[in-house]
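**Q** One-letter residues, chain by chain:
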Amino acid sequence: MVQKKLTEISGDKEPVKEVIKAEELAKKQREISVAEFFAKNRHLLGFDNPRKALLTTIKEAVDNSLDACEEMRVPPDIIVMVSPLEGKEASVADRFLISVEDNGPGIVKQQVPRIFAKLLYGSKFHTMKMSRGQQGIGISAAGMYGQLTTGKPVKITTRISPKKPAMYYELHIDTKKNEPEILKEEETAWDKDHGTRVSIELEAKYVKGRQSVEEYLKQTAIANPHASIIYFSPESQKVDFPRATKDLPMEPKAIKPHPYGVELGMLMNMLKETKARNLQAFLKQEFSRVSPRIAKEICQKAGLFENARPSRIATQEVDKLYKAVNETKIMAPPTNCLAPIGEELMLKGLKKEVNAEFYAAATRPPSVYRGNPFIVEAAVAYGGELPAEELVRVIRFANRVPLLYQQSACAVCKSILETNWRNYSISQSKGALPTAPMVIMVHMASVWVPFTSESKEAIAHYPEIIKEMKLALQECGRQLALFLSRRRKAEHEAKKKSYIETYLPHIGIALKDILSLKEEETKKIDKHLKEILEKHRGSEHDKDIE
Amino acid sequence: MTKTLSKIKESASDIYQKILKKKQPSMTFPLRVLNNVKYDPKKGFFELLGKTKIRTLSVNTVKTFAQTLRMMAISKDLLTTDDMATKREVYYVSKNWGDARFHEQVESDTVMDDVEAMFMVNREQLGFSADEHGGDVAGELIVIDKNPDTKKVIKIDCTKFGSGAYSIPTSVEHLEFETDAKFILAIETKGMFERLNRHNYWKKVHCVIVSMGGVPSRACRRFIRKLADEKKLPVYVFSDGDPYGWSSIYRTLKVGSGNAAHINEFFCVPQARFLGITAQDITDYKLPTHPLKDVDLKKIKDLFKNDPFIQSHKEWAKELKLLEQMGKRAEQQALAAHGLNFVMEKYLPQKLKHPEKFLP
Numbered sequence: 006m007v008q009k010k011l012t013e014i015s016g017d018k019e020p021v022k023e024v025i026k027a028e029e030l031a032k033k034q035r036e037i038s039v040a041e042f043f044a045k046n047r048h049l050l051g052f053d054n055p056r057k058a059l060l061t062t063i064k065e066a067v068d069n070s071l072d073a074c075e076e077m078r079v080p081p082d083i084i085v086m087v088s089p090l091e092g093k094e095a096s097v098a099d100r101f102l103i104s105v106e107d108n109g110p111g112i113v114k115q116q117v118p119r120i121f122a123k124l125l126y127g128s129k130f131h132t133m134k135m136s137r138g139q140q141g142i143g144i145s146a147a148g149m150y151g152q153l154t155t156g157k158p159v160k161i162t163t164r165i166s167p168k169k170p171a172m173y174y175e176l177h178i179d180t181k182k183n184e185p186e187i188l189k190e191e192e193t194a195w196d197k198d199h200g201t202r203v204s205i206e207l208e209a210k211y212v213k214g215r216q217s218v219e220e221y222l223k224q225t226a227i228a229n230p231h232a233s234i235i236y237f238s239p240e241s242q243k244v245d246f247p248r249a250t251k252d253l254p255m256e257p258k259a260i261k262p263h264p265y266g267v268e269l270g271m272l273m274n275m276l277k278e279t280k281a282r283n284l285q286a287f288l289k290q291e292f293s294r295v296s297p298r299i300a301k302e303i304c305q306k307a308g309l310f311e312n313a314r315p316s317r318i319a320t321q322e323v324d325k326l327y328k329a330v331n332e333t334k335i336m337a338p339p340t341n342c343l344a345p346i347g348e349e350l351m352l353k354g355l356k357k358e359v360n361a362e363f364y365a366a367a368t369r370p371p372s373v374y375r376g377n378p379f380i381v382e383a384a385v386a387y388g389g390e391l392p393a394e395e396l397v398r399v400i401r402f403a404n405r406v407p408l409l410y411q412q413s414a415c416a417v418c419k420s421i422l423e424t425n426w427r428n429y430s431i432s433q434s435k436g437a438l439p440t441a442p443m444v445i446m447v448h449m450a451s452v453w454v455p456f457t458s459e460s461k462e463a464i465a466h467y468p469e470i471i472k473e474m475k476l477a478l479q480e481c482g483r484q485l486a487l488f489l490s491r492r493r494k495a496e497h498e499a500k501k502k503s504y505i506e507t508y509l510p511h512i513g514i515a516l517k518d519i520l521s522l523k524e525e526e527t528k529k530i531d532k533h534l535k536e537i538l539e540k541h542r543g544s545e546h547d548k549d550i551e
Numbered sequence: 038m039t040k041t042l043s044k045i046k047e048s049a050s051d052i053y054q055k056i057l058k059k060k061q062p063s064m065t066f067p068l069r070v071l072n073n074v075k076y077d078p079k080k081g082f083f084e085l086l087g088k089t090k091i092r093t094l095s096v097n098t099v100k101t102f103a104q105t106l107r108m109m110a111i112s113k114d115l116l117t118t119d120d121m122a123t124k125r126e127v128y129y130v131s132k133n134w135g136d137a138r139f140h141e142q143v144e145s146d147t148v149m150d151d152v153e154a155m156f157m158v159n160r161e162q163l164g165f166s167a168d169e170h171g172g173d174v175a176g177e178l179i180v181i182d183k184n185p186d187t188k189k190v191i192k193i194d195c196t197k198f199g200s201g202a203y204s205i206p207t208s209v210e211h212l213e214f215e216t217d218a219k220f221i222l223a224i225e226t227k228g229m230f231e232r233l234n235r236h237n238y239w240k241k242v243h244c245v246i247v248s249m250g251g252v253p254s255r256a257c258r259r260f261i262r263k264l265a266d267e268k269k270l271p272v273y274v275f276s277d278g279d280p281y282g283w284s285s286i287y288r289t290l291k292v293g294s295g296n297a298a299h300i301n302e303f304f305c306v307p308q309a310r311f312l313g314i315t316a317q318d319i320t321d322y323k324l325p326t327h328p329l330k331d332v333d334l335k336k337i338k339d340l341f342k343n344d345p346f347i348q349s350h351k352e353w354a355k356e357l358k359l360l361e362q363m364g365k366r367a368e369q370q371a372l373a374a375h376g377l378n379f380v381m382e383k384y385l386p387q388k389l390k391h392p393e394k395f396l397p
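Taken in sequence, the protein lines are chains E and S.
Convert by adding 5 to the 1-based position in the first sequence; the result is the number in our numbering.
Convert by adding 37 to the 1-based position in the second sequence; the result is the number in our numbering.
Keep in mind the hints are simulated off the structure, nothing from the lab.
Even glycine gets a Cβ: it sits at the ideal position worked out from N, Cα and C.
Here are a few chain S residues that sit away from chain E, every Cβ distance over 10 angstroms (derived from the structure): (1) E177; (2) V332; (3) L396; (4) P397.
Cβ-Cβ distance ranges computed for the label pairs, FRET-style: (5) S:V252 x E:L396: 52 to 62 angstroms; (6) E:L396 x S:G364: 44 to 54 angstroms; (7) E:K540 x S:G135: 23 to 33 angstroms; (8) S:L359 x E:K540: 51 to 61 angstroms; (9) S:G87 x E:K540: 29 to 39 angstroms; (10) E:P392 x S:M157: 52 to 62 angstroms; (11) S:D114 x E:E395: 52 to 62 angstroms; (12) S:M157 x E:K540: 26 to 36 angstroms; (13) S:G135 x E:L396: 36 to 46 angstroms; (14) E:K494 x S:G364: 47 to 57 angstroms; (15) S:G135 x E:K501: 13 to 23 angstroms; (16) S:E210 x E:K501: 39 to 49 angstroms; (17) E:K494 x S:K75: 39 to 49 angstroms; (18) E:K501 x S:M157: 27 to 37 angstroms.
Starting from the given sequences, assemble the full structure and let the hints guide the process.
**A** Here it is as structure tokens:
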């Protein structure tokens, strides 16, 4: 009955809809700028609410600073300041000024506006190289968020060399055109030789706890033991995260994309834009691990001429080419493009920020998912001041950047759940995180970390990635189990010893009573008994003998 | 007494010498469990097999080892001063031992039983005594005892306690008897004993009645044995018709227990025969019943499997099977369903006419 009614209704309405003319529709159709799109879809970038906006803004600025310093090969010195505005207390304020300062290379004059006030502008998207930022959305989106919520411009101070003056900018972003507007550009005095400071005023909310700025900076300090971070909180407290090493991570190298990691659409673009004259050269030049022989093989499999002009390859042929690529055996991509934290530094980072009794770390050899090389590392901190009866704390990193949101959607969480912690004497309810005084840290380093969304909060569930994560966790688990069994044994020994010492004297007393022994003789008994029991500790039990 | 004393000193000295040589000292006990006893109907009691337990001094045994030695030291003290201490008193003495003290009396009782077994003596020989009641006696019997102070002979006439009864002392070895009774009737419950005593039933049939009050104490067993042996009296047992009455009470009285296997020879009454209540009685006398509980059924299974007494008497095996099939049990007081004095007027007279039908 209801069903019928529904069809009737839809049957009635459909013709009405068709009355709207295509021409009328066309009047409404116009280009949407990226900036406009993101202004309306701010949640995609991690600006869902004022709480998250604060964190995301700091995160984007700190990521940029760390990347910049590492590119210049200087140990990063980063100062983060968050202050409430309008004279309110931190807990009730709804407007904050955020400023992040680094000792990086600074930014040349022409680039400043575009970097900070144009979405999708950056150096990182087009190279296959391990870096914190990827798409060039982050900091400009933060600036835009500030502008949308407070109307205030992004303020930048930057200096590229002690020989040149520091520059000060105030920038707006034209959301329709996705172009920067320079409100102010002037020389300024700055005591830094080189570096950049960005200040953004925005609507935000300050919270404490697991998803706080302080927690984010603390985790950043763990994964970046070479960085020094000083944080001035909205409550005017200074928190110091000192560096644990002066050694910078190995500089990651840029690589060309591996054929397996390229999607059809991207392949089409590459064909259009390449400078290569023919198909074989295109394959050889634009991709890693494609030798002339492999290129030839791909062409043959696709049924295409090696000498075909790349830009002339038609849609249908691209399809064939794509298939052929995936049917050809190609060597795994080079992995020297990755810079893992390393076991030693992970331990250093954890030790300085987490007060525990035992630490273990494991860095896996490089592996590949969809043509993208990656390395997984894991570390655990156990015992000490960590709460014993709670679920373990998971801290996740992608290219050294802490991930604070959407833990349960992340491959890290899935890998921990799928690891059988009971094998390592850690209790774990079915389908839950283990319960232990433990922090589990997992880091994925890759030229392209597959996030589940643009706000970069959770790593996608690729089987290859989960497999590597589990292997790293298992390695840490084995080390932990060894520690736990040793500790149990030591506790057991100590207990035994006190047990023996409690009851031994009574043997002497009884023998003294029965045999009327002298004091020295009784003492001798005690001494000998101790020796006897030390020697035979736990080896003998009550025995039943026929 | 001095024999036990020298055994204690010998054993302590052995341990001392071993310790001086830095060797692990050990103590050997016979295993006090049913599967370490054998039953020969001709001998009439549970005898120990050779299984022993060696308690070697180690981390796991250090506490019990120390406690056993200290228990021996108490015994040595009692024997040298010719004193006695009850089991409960010994338990309280241990409270001076600091961490080695006993937390419950069962623990000290177990260690005491170990020491008994180790020297193959009964607890009285170690200077210990039971704190359980010994059992009540009434009927045509004169017990000859001594005044503990004056050592003067006292004759106790068990017909002259009125509605009360003579109470069996913890040690019975010095007692002598005068009697013209024809048999001893050992009764499980105090209630049944009182009914028979109130009506002077023992006068009617010329007997001695004893209330065991559940599982008979060692003193009670020894008293009945001594009386029956010396006066050549048959012993008839009247208990509930259930596995507990048959095995824990009747069998313990007759042949002893696994736990006290080291002293069964003296603390048993091999001449005892079982009057009732039998499984057949339940049908014959239309007794009100209760269903057998899980513990009863488990006990029956256990008896078939482990009890050498049941295994060597097919009559008892038959009886247990019958009860198991019926799935019922009956208490001796169930006879009251046919009138309070039915037991004296009908049940016992009918039973006593055919002592040859009593179960072994």
